[in-house]
Structures are given as structure tokens and as C-alpha cells.
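Novice: Quick mapping for you: the protein sequence lines, in order, are chains A and B. Mapping of the first sequence onto the working numbering: position 20 corresponds to residue 20, and the numbering continues sequentially without gaps. Mapping of the second sequence onto the working numbering: position 127 corresponds to residue 433, and the numbering continues sequentially without gaps.
Hints are computed from structural coordinates only; laboratory data are not their basis. Be careful, since some hints might not be right.
Example chain A residues on the side facing chain B (calculated, C-beta under 8 Å, incomplete) [stated by the list, open to error]:
no.: 1; residue: 201
no.: 2; residue: 224
no.: 3; residue: 298
no.: 4; residue: 300
Distance ranges between label pairs, derived from CB positions [stated by the list, open to error]:
no.: 5; chain 1: A; residue 1: 229; chain 2: B; residue 2: 339; range: 29 to 37 Å
no.: 6; chain 1: A; residue 1: 160; chain 2: B; residue 2: 477; range: 48 to 56 Å
no.: 7; chain 1: A; residue 1: 148; chain 2: B; residue 2: 454; range: 53 to 61 Å
no.: 8; chain 1: A; residue 1: 304; chain 2: B; residue 2: 514; range: 44 to 52 Å
no.: 9; chain 1: B; residue 1: 457; chain 2: A; residue 2: 106; range: 38 to 46 Å
no.: 10; chain 1: A; residue 1: 158; chain 2: B; residue 2: 406; range: 38 to 46 Å
no.: 11; chain 1: A; residue 1: 286; chain 2: B; residue 2: 406; range: 40 to 48 Å
Derived DSSO-like pairs: lysine-lysine, alpha-carbon spacing no greater than 30 Å straight-line [claimed, not checked]:
no.: 12; chain 1: A; residue 1: 220; chain 2: A; residue 2: 132
no.: 13; chain 1: B; residue 1: 525; chain 2: A; residue 2: 220
no.: 14; chain 1: A; residue 1: 220; chain 2: B; residue 2: 407
Ideal Cβ positions, reconstructed from N, Cα and C, are used throughout, including at glycine.
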Amino acid sequence: MTQFVLRRVLQGLFSILGASLIIFVITRLSGDPVVLMLPPEAPEALVQQMRERLGLHLPVWQQYLVFLGDALTGDFGTSYRWDMPVRDLIFERLPATIYLASAALAFSLVLSIPFGVISAVRRGSWFDRFAKTVAMLGQAMPNFWVGLLLILVFSIHLEWMPAFGADTPAHVIMPAIALGWYPVAAQTRIVRSAMLDVLESDYIRMGRSVGVPEGVLVWKYAFRNAAVPLVTMMGVYFASMLGGAFVVEVVFAWPGLGRTVVEALFARDFPVVQAGVLFAAIMFVIANLLVDLSYGLIDPRIRHDR
Amino acid sequence: MTEMSPMDHAPADQSRTDQPPVLDVRHLVTELRLRRGALRPVDGVSFRVGRGETLGIVGESGSGKSMTCLSLLRLLPRPGGRIAAGEVLVAGTDLTKLSEKELARDWRGRRISMVTQDPMSSLNPVYTVGDQVGAPLRYHGLAHSRAEARARAADALGRVRIPSPEARLDDFPHQFSGGMRQRVVSAMAIACAPEVMIADEPTSSLDVTIQVKMMDLYKQIQEETGVAIVLITHDMGVAASICDRIAVMYAGRIVEQGPAREIFRNPAHPYTRALLNAIPKLGEKSKRLYALGGQPPSLLDMPGGCRFAPRCTLADAKCLAAYPGDSDLGSGHRAACWRLSEEGAPDAA
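Next up, chain A with everything else stripped away, as it sits in the complex (with noise of 0.2 Å):
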């Protein structure tokens, strides 16, 4: 088990590091930051100036290995356009993205699960196409349409929600709606088909053949056993929510990590991009490994092969 733990967290150190250089090279390619900061008249010297200054004279191979550096020591520079320590405005913003994909990963699985397991014992009912339908919106539309369609719809003309910012839990509910709604299908979709099969085996025919009510034979022993493939599913659309709630943010004003990367790109604000997608990175890679940690908490023959 540590071992495995072991194996996982070096694979994601690997992730980490590629995603950094990715994004290190591509933000450079976008273009040269020092001509948005100073005045189109800014004298050549000026400009060089300010390059050395920013360390933007070396080679990117250079460049790369000094932000390295700095960034084992914790120091992810200072952002041109906030000015202020970029470590200090990720731990600032990151909070926030947290909470939104966790509020937004609740809300997928309270309609999702119920969903899948019903639909599962009914299949082929009125409730199984209900299910199926509403899933299937949340899929159709981009996440800013079904934003904006809740802003329009709960804070314009019922006023019943705030329609952006983060200051009270209410205004957590529709960004949650609008990033959570859309992996609702494929998970409900996962769970069902695990159902399915788990429903119709062996050791579930024997738990009815001794009596256990069938309530319980449902949620307890088979959706146990269908819950590892919806974990792994899970998983992975939380870990893209942390990353990439870049729109839903922008939509609602939600102050996250996502909204501020997207502003620091337009002002080719290199360090907090870089910052903010490595954090991104990380996270993914930490979600990653809670998945696969808890694989062994639902499934003991997992636990034990390790």
C-alpha cells in the first residue's frame, strides 16, 4: 500500500513537472508582456530595461530552470499586473475554486445517484426517461449558457438568487448548478449500467434468498459495488472542475484561481499563469490520488492486493 501510494505520488510529481514546462513555453509564445506594460512611445532602452528586469533577456531553457528554481523555495514571482507575490494571490483565489468544484461535484452526485440507482431498478419506466432527460440537458448545453439561463431566469426575474459574487453560501448554488450539471449524465449513465450488472448477481439473489429487504439490498450491498467505476468517473470531473472552471467563474464573477488566470492571460501576466496553471495541475494530481486511495475504503480486494 505505501508502496503503491509511493509509486502514485512520483508519477504525479512527473504530471506536475510537464505541465509546468507546457505551459511555460506556450505563455511565451502568446507574445512579449513588456509592450503591454509600457507606453507604444517607450524608448528601446526602456523596453530592455524592463525585460532584464522581468528576466525576460535569458533563453526560455533559462528562464525555465530560474522559475524552477524559485519555485521549490515557494517563490512563484510577482505578478506584473496585481503586483503583489503570485504565491500570495493563488492562496488568495485557490479557496474559492475549491469550494465551487466541491459545491458543483455535490450537487452532480445528489442528482446523479439517485438517478442511476432508480433508474437502474426501473428500467424502461416513466422515471428511467425522466432521468435520462433531464442528464442529458445538463450535457447539451455549454456551462455559461446554463449560467446565464439561471442568472436570467432565478436572480432577474424571480430574484430569488444572487447573480454573482461569492459572499453568502447562497451564491455558491447556481455556479454549482452550471459546473455540476454537466457530468450528470455520463455519471448517472455509470452508475446505472453498474447497477445493472451488479443487480443481477449471484451474491445479491442470495442476500434476497435470505431475506434482506430489498431497500437494502439496493443502497447498501449492490450500490457499494457499483460505486467503484462512479468514483473513478467522479474523479476525474472534479479534477477538470478545479482546473477548469475558468468560464463559470468569469460567468458568476466568482473570485477563484480560474477567473484570475483568465485575466492574468489577457494581460500576458506570465507568473500567475504560470503559477495558476501548475496549481491547477496539482490539484488534479492530488484528486487523482484520492480516487485511487479510495478504492481501497469501497473495495477490500483492493485494499489487499496492495
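Starting from the known structure of chain A, fit chain B onto it as the hints suggest.
Specialist: Just chain B now, with coordinates in the frame of chain A:
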């Protein structure tokens, strides 16, 4: 353990004809509705099993043995499977008339239980053995606390001769060997001391040496509790070793049934004879191993007359025209063959 069995111990060889049967199956018809049409894998099956008695149901695969089993507990595949006619009386109550809820609450696992074909897949891989063996006790109100359920689960594991049962309660099924898993499944089935236990090929996936041990174990449990056992098997040797009475099934019907000794000594139905001939005998330097020619009929295309007629060497026009009635051969031995009703036992199979 004494309070587990409300019944007193009857000697195994005592005549049981004077008491009513604990399991009385009457003209059971089971239907499976598929897209291609409705099948009747069980088509008019009747048998009785007394307390402390073991009935063996033998036959080829596809003869309807397992479907008969599943019908008794109403565990037929859903949707599509249903009992179309007949009665399943356990201690006088017709299980086919009960609601699903009543059946689960008062009967399944409590008064009639089942051990299924494959012990490897009959246990839930993500729950402990203690949890699973304790489940029937908890849901039938025989254990009122977690501690009591554990104690009684350990007791049940002890009765199926699992060494140091308390220590194994928190183990998971994958930590047991195949034979031990079958014991765990059996412990689940007997935990509430049911009156009837159905064992559907309980040993066919185990080693031969373990098969013998399991059969001995069932006999011991039967002597301790008086449980009536219905043993489904395709193995005549297993049937001979444990069964008091034997029913031979072919194509959804029982073609012959009677005391085990009678069936082995004086098989009356050509199909029973063919089955017995197919057993290789030790020390008999014989010709080729006997094998019955042909295939059982398809359930979708059942012959109109005797279902065995297409494979029977003695069949004539009458056999192909109509299904024969049961002939009483004395001491509970009955067989369904035209040859018996006309001119006594057929000469050769």
C-alpha cells in the same frame, strides 16, 4: 445452539410417511417470457419432502432443475419469469400466494433457504462475512443488537465447521478458499434454522474431496436440525451418497421419482436407465463409455408426446402422440412412460 432448532432430532431411518411433508410442491408451472415467446422450463412438477429428508433432483443441464429451485423461493429472473400455475406449500402455507414483502419478511431465509450453484460469486465482495451471515438473523428479528448478530453469526459459522469462527467474522469473502466460502454460504442459509433448504449444485465447482466433505456436512446439519433438503445435482454419485429419495427431471418434467434405493436398483424410465448407464463403473473393464445420443428438446420447440421419445430406443407411435401419465410402481416409486402402463417395465434402454 439448542434454541436454534425448535424441532427434536428424528433418527434418519425412521419412517416419515405418517407426518405431513414440510415442502409440498403441486403441479408447479414456471413461465419465462422472452421476445421469441413464452417458455415453460418447469412444466407441471410435483414432489414432497418430509422433515429430515433429502430429495435429490437429478437431470441434465437445461432440464429445469435450477428453475424449479428458483421458483420455490420465487427468485425467478425479473422481468419475464413467473409462476404460471401450481402451489408451493411450506408447512401448509402456499408461497405462491404471498406478497413479495411477506415472503421476504417471514419465509426466505427464515423457513426456506437456498444455497446457490457458485459459492465464489454468492458472497458480496465488499462486506465482511460476519455482516453477511448476520444479515438473515437481523432482518428476521432473531438478533436484536450488533453484538448478538455477531455472536449468532459466529455460532452459525461454527455449525458449518469453520475453524475459529469468531476470528473470521471480520474477514472478507476473498480471504476464504472455495470450500470455505461454500461453508459460509451454507451458514447464511442455515443461520435461522429453516425447515427447508434448497441446495442447487452446491459442490459442482469444488474439488472432489471437498465435495464429499460438504455432503457429509449437510448430513450432519440435517441430523442436528431436521431440515428437509432438496439437492439439485447432475451427479448421480452425489445423489446416491446423500439422498433418501430421488426425482429425475427431463425437459421440465419429473419423469420418475421414488426411494433412492429403488431408483438405483430398479430404474423404470428409459431416461433414468440411460443416466445410470452413463456412470462409469470402477473395476469393470467395459466397452466404450456409454453416452446417451441426441440432445434434450428445445424449450421453444417441445415435442407433443413424451418429451424423451425422440431419444428413446423404445419409442413408438403412441409415445410420439401423447404424454404418458404416471404409473405407480409401489412404495412411492412412480414413472411416466407408456411402456409401464401397458406391459410393465420396458426390457432395455
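Novice: Once the shortest beta carbon distance from residue 224 of chain A to chain B is found, is it less than 8 Å?
Specialist: holds (5 Å)
Novice: Given the hint that residue 220 of chain A pairs with residue 132 of chain A, does the C-alpha gap stay at or below 30 Å?
Specialist: The hint holds at about 23 Å.
Novice: Mind checking the alpha carbons of residue 525 of chain B and residue 220 of chain A for me, to see if they're no more than 30 Å apart?
Specialist: Measuring from Cα to Cα gives roughly 34 Å; hence the hint is violated.
Novice: Can the suggested window of 38 to 46 Å be confirmed for the beta-carbon pair residue 457 of chain B and residue 106 of chain A?
Specialist: holds (40 Å)
Novice: For a C-alpha distance cap of 30 Å, please report whether residue 220 of chain A and residue 407 of chain B respect it.
Specialist: holds (18 Å)
Novice: Would you settle whether the hint for residue 201 of chain A is holds or violated, based on the nearest Cβ-Cβ distance to chain B being less than 8 Å?
Specialist: holds (7 Å)
Novice: Assuming the hint says 29 to 37 Å, is it satisfied by the Cβ distance from residue 229 of chain A to residue 339 of chain B or not?
Specialist: holds (31 Å)
Novice: Check the following: the C-beta atoms of residue 160 of chain A and residue 477 of chain B are separated by a distance inside 48 to 56 Å.
Specialist: holds (53 Å)
Novice: Confirm or reject the claim that residue 304 of chain A and residue 514 of chain B have a C-beta distance inside 44 to 52 Å.
Specialist: The hinted range 44 to 52 Å is violated for residue 304 of chain A and residue 514 of chain B, with Cβ atoms some 29 Å apart.
Novice: Looking only at beta-carbon atoms, does the pair residue 286 of chain A, residue 406 of chain B fall within the given range of 40 to 48 Å?
Specialist: holds (46 Å)
Novice: Determine whether the Cβ-Cβ distance between residue 148 of chain A and residue 454 of chain B falls within the hinted range of 53 to 61 Å.
Specialist: With Cβ atoms ~59 Å apart, the hint holds.
Novice: Between the beta carbons of residue 158 of chain A and residue 406 of chain B, is the distance compatible with 38 to 46 Å?
Specialist: Since residue 158 of chain A and residue 406 of chain B have Cβ atoms about 44 Å apart, the given range 38 to 46 Å holds.
Hints 8 and 13 from the earlier list are contradicted by this structure; the remaining hints agree with it.
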